[in-house]
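J.: With the hints as extra help, turn the sequences into a complete structure.
2 protein chains.
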Amino acid sequence: MTHFADAITAAALAKSPVCVGLDPHPDKLPEGLSADAAGVKEFCEGIIDATASVACAVKPQLAYFELLGWEGMKVFWEICDYAKKKGLIVIADGKRNDIGPTCAAYADAYLHELSPIDALTVSPYLGSDGVTPFIERCDKNNKGIFVLVKTSNDSSGELQDLPTGDEAVHEHLAQLVDSWGLAHLGKTVDLSSVGAVVGATYPEELKYLRTLMPHALFLIPGYGAQGGTAKDVSHGFLEGGKGAIVAASRSIIYASKGKDWKEAAGKAATKMAEDIEKNS
Amino acid sequence: MTHFADAITAAALAKSPVCVGLDPHPDKLPEGLSADAAGVKEFCEGIIDATASVACAVKPQLAYFELLGWEGMKVFWEICDYAKKKGLIVIADGKRNDIGPTCAAYADAYLHELSPIDALTVSPYLGSDGVTPFIERCDKNNKGIFVLVKTSNDSSGELQDLPTGDEAVHEHLAQLVDSWGLAHLGKTVDLSSVGAVVGATYPEELKYLRTLMPHALFLIPGYGAQGGTAKDVSHGFLEGGKGAIVAASRSIIYASKGKDWKEAAGKAATKMAEDIEKNS
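Residue numbers (the numbering used here), protein chains in the order written: chain Z, 1231 to 1510; chain S, 1231 to 1510.
Some hints here could point you the wrong way.
Under the rule of at most 27 angstroms between Cα atoms (straight-line distance), these lysine-lysine pairs were calculated in the DSS-like manner [as the list claims (entries may be wrong)]:
no., chain 1, residue 1, chain 2, residue 2
1, Z, K1258, S, K1370
2, S, K1258, Z, K1304
3, S, K1492, S, K1314
4, S, K1314, Z, K1304
5, Z, K1314, S, K1304
6, Z, K1304, S, K1304
7, S, K1258, Z, K1370
8, S, K1304, Z, K1258
Keep in mind the hints are simulated off the structure, nothing from the lab.
T.: In structure tokens:
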């Protein structure tokens, strides 16, 4: 098995740093799909088929599967398996967070040895008690986590930008994240299994956070529908196009709501990959 | 239908402020139960039966159900229904957090009109974008949320206690939480549908946070196994024993691992209720 940082770096270099966000709201599916768990499954598998040759990863968003109760969770695991078999890195976007034995239960739920999921997003408000159990499973099972550092939304600053001494809360957290990863580096890259979520919508912060977290893989949401550009996300990369993947959801998966939705998603992912490449 | 703050206040005054944390790790169930979804269901229903006459609420912890995949989520919804039918307030402990349409999906998943769940715990790192969609569903469906403010774990201070100006991050957040709830008060109490999680293990902070959040219901974890005492939690209450519920999990649900586990759980819940009453 391969360390998560090595695996995702190799995949991003071989294909592109594009990560397709699977946010399948049952009421928003394209023409011809049913507004239920079966429709969500068909939609996700279609998007995976259409983008697997260009994207390095998919990021299923747990909320949309939980919305359909346990039937949705069944589909969640099925589409994670499907993506894994298609050679994609699978990042479960759950922003999970808890402490001690409960945090360990989340880690065992998503990052167990046989899980099709390669990495999970994690929310940091609880401090290292909410992160350490995840890192233990990452080490054991070659998995990864992405800790929310500076998110892409308008109100992210309410807590994340609070000034604390000479730095903002998210800058302080960034240094913690880098330190948490130091003992967990890959074999072929100087990057750790402890990554960071940093939004494309704050390019200045992204540039500075890259210096504060030299060992963290960046998962960069906010490209496309949220307004982030390829120029903006370029600040998240290290030399040689390493160190970051860029997530987009709506601009790819809903590129068309007509019968050509698969084809349109594939084209949108390809265009995004070219856009990032051109601006790198 | 009744506003969440009115409903939980009435239940706590009629029975006790005890909230039973359902943290059913399949490998830790008492004698005679199978280490799978069926065992977890039997265990949770047994604990509910044993404590429903004394506790006002149960708090199933989603991590332990997610640990069992979709079969676990099926049991999660079944035991929420079961608890609701037994007259308990049901608080799903998921610490969910996301933004915009994704946050709305979480809100619709757990706080929809026909959901047996009365309230959900929410993690605040994303700011108000991660809270507003929940509050909208609370208003519409008479539900509640509990936002993490100061958690009970050792490392909670790493982010929550960072100094920002004259106050700590969690104190700043506390004021936001109170303000978020101001337009969403109950009819019989001056408390809102936007509650706060404040750990029993930091009694001084608990006392001060009570003054910063006069309109917030407190969900207080950390009593019992984590070290919080009845004296500690007393600081979280308002006059007349209102405004707070106290959660305990291990000290109740694992009071005995032998065949008398149900009886032992009932006794532990009763003892806890008496302990809190005596120190109020």
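J.: What hints, given by number in increasing order, does this structure fail?
T.: none
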